[in-house]
Amino acid sequence: MGEGVGVRVPADLPLYWKICLINGAVFLVGTLVLVLSPASVSSRPLLSEVAVVSVGLAVMLVTNALLIRRSLAPLDRVIRELEEVDHLQPGSLPEEGSGPVRGIARAVNRLLDRLEAEQRAGNAKALAAQEAERHRIAQELHDEVGQSLTVVLLGLRQVQDRAPAELVEELALLRESARTGLDDVRRVARRLRPGVLEDLGLTSALAALATDFAQHSTAPVRRSFGPGLPPLTPDAELVVYRVAQEALTNAARHADPRSVELSLTRQDAAVVLEIRDDGRGFAPLTEGSGLLGMRERAALVDAELTVTSQPRRGTTVRLRVPAVGTVR
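Residue numbers (the UniProt record's numbering): 1 to 328.
Heads up, a few of these hints could be off.
[Unchecked claim] Simulated restraints, written as ranges between beta carbons of each label pair:
| id | residue 1 | residue 2 | range |
| --- | --- | --- | --- |
| 1 | V29 | T308 | 52 to 62 Å |
| 2 | R186 | T308 | 33 to 43 Å |
| 3 | V151 | L112 | 51 to 61 Å |
| 4 | T218 | L112 | 43 to 53 Å |
| 5 | G226 | A165 | 52 to 62 Å |
| 6 | S263 | E166 | 53 to 63 Å |
| 7 | E144 | S263 | 35 to 45 Å |
| 8 | R106 | S263 | 36 to 46 Å |
| 9 | R253 | T306 | 19 to 29 Å |
| 10 | V151 | P220 | 36 to 46 Å |
No wet-lab data here; the hints were simulated from the structure.
Note that the coordinates shown come from a computational prediction; the quantities given were computed from them, not determined experimentally.
Beta carbons are placed, not taken as given, at the ideal position from N, Cα and C, and that holds for glycine.
With the sequences and hints as input, model every part of the structure.
Spelled out as structure tokens, the structure:
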């Protein structure tokens, strides 16, 4: 019934006047029907006359409601689309309807475009600052803490060579503790600043990451790298590395897996990273700081991140990154 009723109004008419025009048209038509029809109302209305007026009023109200609903339906769709907008990848709203509704959609789309651009710029600055801080801390760990522990190791070695026999074993234990501490410092420095990524490339950095995970976990890591991977920007390579690092860290801390699979393959003009474990899994999916950080990094390079998990069936993290010169 609502689709069959048609009242044409100017496309650029403000919403307030558009509703007023619809109401006026409905009441005008209702008045003409009452005036021109043979129906009449006496000074003492009969029950049949009251029924006729009531039916006419009801028809007018229903017609008015259907026309307004039809006019405001695109606005309701815009509101629903706004409620489902992803704060990391806002996208755009459908510019439906006419007049004020289409104007609202266009204005919101312009606002979303500005917010997305500002968010990308802000995320880029924040992540760049984060990487710079990681680099500074790694450098300090390597140059200061690492060198200090090296001096301690050399000093303990000299003391051990001149120490009495009853202290040699104890000094050897101290040297081993200092050496373990030095290895830990170097490992943390490598995690903070993946020098192998800059020196040897993404696949070598991921291989080193998988090896480091296997050394500190009971679960073996099966890794596979597809041939002919398309080139990625340095920022995109860093995002792939950090997402893999976060996914493996989460698997070690929370999943207790028996095995982990890490793969880097080509899919059309994109590179796909996938980390799959057979651990305890989780449900429902919660946006913790680790997952949120991965999503923010993925959005920065226009990548798609999907995380799927089921209790006792493991977790899969999948990152699809467009290659250089492609647009998703």
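Verification of the hints:
{"no.": "1", "hint": "V29 with T308: 52 to 62 Å", "verdict": "holds, 57 Å"}
{"no.": "2", "hint": "R186 with T308: 33 to 43 Å", "verdict": "holds, 35 Å"}
{"no.": "3", "hint": "V151 with L112: 51 to 61 Å", "verdict": "holds, 57 Å"}
{"no.": "4", "hint": "T218 with L112: 43 to 53 Å", "verdict": "holds, 47 Å"}
{"no.": "5", "hint": "G226 with A165: 52 to 62 Å", "verdict": "holds, 59 Å"}
{"no.": "6", "hint": "S263 with E166: 53 to 63 Å", "verdict": "holds, 55 Å"}
{"no.": "7", "hint": "E144 with S263: 35 to 45 Å", "verdict": "holds, 38 Å"}
{"no.": "8", "hint": "R106 with S263: 36 to 46 Å", "verdict": "holds, 43 Å"}
{"no.": "9", "hint": "R253 with T306: 19 to 29 Å", "verdict": "holds, 21 Å"}
{"no.": "10", "hint": "V151 with P220: 36 to 46 Å", "verdict": "holds, 37 Å"}
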